[in-house]
Amino acid sequence: GAGVSQSPRYKVAKRGQDVALRCDPISGHVSLFWYQQALGQGPEFLTYFQNEAQLDKSGLPSDRFFAERPEGSVSTLKIQRTQQEDSAVYLCASSPLAGGPDTQYFGPGTRLTVL
Amino acid sequence: GDSVTQMEGPVTLSEEAFLTINCTYTATGYPSLFWYVQYPGEGLQLLLKATKADDKGSNKGFEATYRKETTSFHLEKGSVQVSDSAVYFCALSDRNTGFQKLVFGTGTRLLVSP
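Chains as they are written, first to last, in my numbering: chain A, 180 to 294; chain B, 1226 to 1339.
There may be inaccurate statements among the hints.
[Unchecked claim] Now the stretches of chain B that chain A is said to cover, found in silico as 3 or more residues with beta-carbon under 8 Å:
{"hint": "1", "segment": "1277-1287"}
{"hint": "2", "segment": "1326-1337"}
[As the list claims (entries may be wrong)] Which residues of chain B face chain A? A few of them, derived with a C-beta cut under 10 Å, are:
{"hint": "3", "residue": "F1243"}
{"hint": "4", "residue": "Y1261"}
{"hint": "5", "residue": "K1274"}
{"hint": "6", "residue": "S1310"}
{"hint": "7", "residue": "F1314"}
{"hint": "8", "residue": "C1315"}
{"hint": "9", "residue": "A1316"}
{"hint": "10", "residue": "S1318"}
{"hint": "11", "residue": "T1322"}
Hint data in this document are derived by calculation from the structure and do not stem from the laboratory.
Idealized CB from N, CA, C, for every residue including glycine.
Using the sequences provided together with the hints, build the complete structure.
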């Protein structure tokens, strides 16, 4: 079946613009994660959803970052008033169950460049 | 907080050479440990995992053993191929956080030449 998909794959924004990044998880997966990967670094956790509930948003770097998953499937990560330090690859991952050391299946990422 | 430390790359090897990529971790609880791989132009994929001490994860000729006494999870392969060229990430998830998030190392780039 289809894997995790993300769109757009590339996004260029001017500083101060708002952006929205979309994630389509594997169908039926309960858990959904967002990570931020700066150049040359490992991914860093942003937020976690179990179905439509956002259970952990401890990694969101500021109140300019907002994520939602209203129907427990597709998720959107929104960044308001983008700054240059927001430039990174944003990764979405899903896993079939809630909790437990499950495998997370990653999408290809959205590369955001803020000019 | 939890953290993962990996050896810096790039690691440059000739085909059929032995590979070791070191990984050590710090965790407040009893973590599960993972190796993820990112091939050029592709997303992160799970390579192998181990969920308790002394477990050995293995896949595609790669192996790693969960060593609680040394807090390590080193990745090894006996004979690398050109197609193994990729970036390898060590990661953990901790039951103290309900296993809900992965904590990654910075990644190690492996370059294998013919």
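Hints, one by one, checked against the model:
Counting residues of the segment 1277-1287 of chain B whose C-beta sits closer than 8 Å to any C-beta of chain A gives 0, which falls short of three, so the coverage hint is violated. With 7 residues having a beta carbon nearer than 8 Å to a beta carbon of chain A, the segment 1326-1337 of chain B meets the requirement of three or more and the stated coverage holds. A distance limit of 10 Å between C-beta atoms decides the matter here; for B/F1243 the minimum to chain A is near 25 Å, and the interface restraint is violated. Satisfaction of the interface hint for B/Y1261 is found here, the shortest Cβ-Cβ separation to chain A being roughly 8 Å, below the 10 Å cut-off.
Checking B/K1274 against chain A: minimum C-beta separation of about 7 Å stays under 10 Å; hint holds. A least Cβ separation of about 17 Å between B/S1310 and chain A goes past the 10 Å threshold, and the interface hint is therefore violated. Satisfaction of the interface hint for B/F1314 is found here, the shortest Cβ-Cβ separation to chain A being roughly 5 Å, below the 10 Å cut-off. The criterion of a C-beta within 10 Å of any C-beta in chain A is met by B/C1315, whose closest approach is roughly 9 Å, and the hint holds.
Because the beta carbon of B/A1316 sits about 8 Å from the nearest beta carbon in chain A, less than 10 Å, this interface hint is met. Checking B/S1318 against chain A by beta carbon gives a least distance of about 5 Å; that is within 10 Å, so the hint holds. Look at B/T1322: its Cβ gets to within about 8 Å of chain A, closer than 10 Å, so that hint holds up.
Checked against the numbered hints given earlier, this structure breaks hints 1, 3 and 6; the rest are met.
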